[in-house]
Amino acid sequence: MLARIAGLFSARGYNINSLVVAPTEDSAVSRMVLTVTGDERIIEQIVKQLNKLIGVIKVVDLCEGKYLERELLLTKVSLNNQNRFEVLHLTELFGGKVSDLSKKELTVELVGESQKVDGFLELMRSYGVKEVVRTGKVAISRE
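In this note's numbering, the protein residues as written are 1 to 143.
For the record, the hints were derived by calculation from the structure and aren't laboratory data. If a hint is listed, it holds; no wrong ones were tucked in.
Taking lysine-lysine pairs in the DSBU-like style, the calculated list, with each CA pair at most 35 Å apart, reads:
id, residue 1, residue 2
1, LYS116, LYS103
2, LYS116, LYS104
3, LYS48, LYS58
4, LYS130, LYS104
Computed Cβ-Cβ distance ranges for the label pairs, DEER-style:
id, residue 1, residue 2, range
5, ILE140, SER99, 21 to 29 Å
6, ASN15, GLU109, 26 to 34 Å
7, ASP39, LYS104, 42 to 50 Å
Backbone N, C-alpha and C fix where the C-beta goes; we use that ideal spot for every residue, glycine too.
Can you build the whole structure from these sequences, using the hints too?
Below is the structure:
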């Protein structure tokens, strides 16, 4: 399915901003969360094209209702005697978790909305971000 969906996007010139695939409560079914940008017409076309693919069970545009979104960030930040306290304090303020710590670097795990992740990364850049890994958005509808 992933190859067919990627092919569909590629053939039509659509861009996937993020893509997360994971099992669901039914072990025979996986859920894909695609983040795309486009105007209303483009999003409508994407939904129609995805619905035509054999094997697609359901397509939902979460932007049409209420939803929760989260993203996971793992990042390595340079540490020294001068910035250690500040980096640890900012990590705590953002609700991050120290996953690994050495004399020269800190690995932070942070979960939140994309804006929160972006804000944290922006602050960390001044301390020296060595590596960044992000999951992309996962989302679920709300009632």
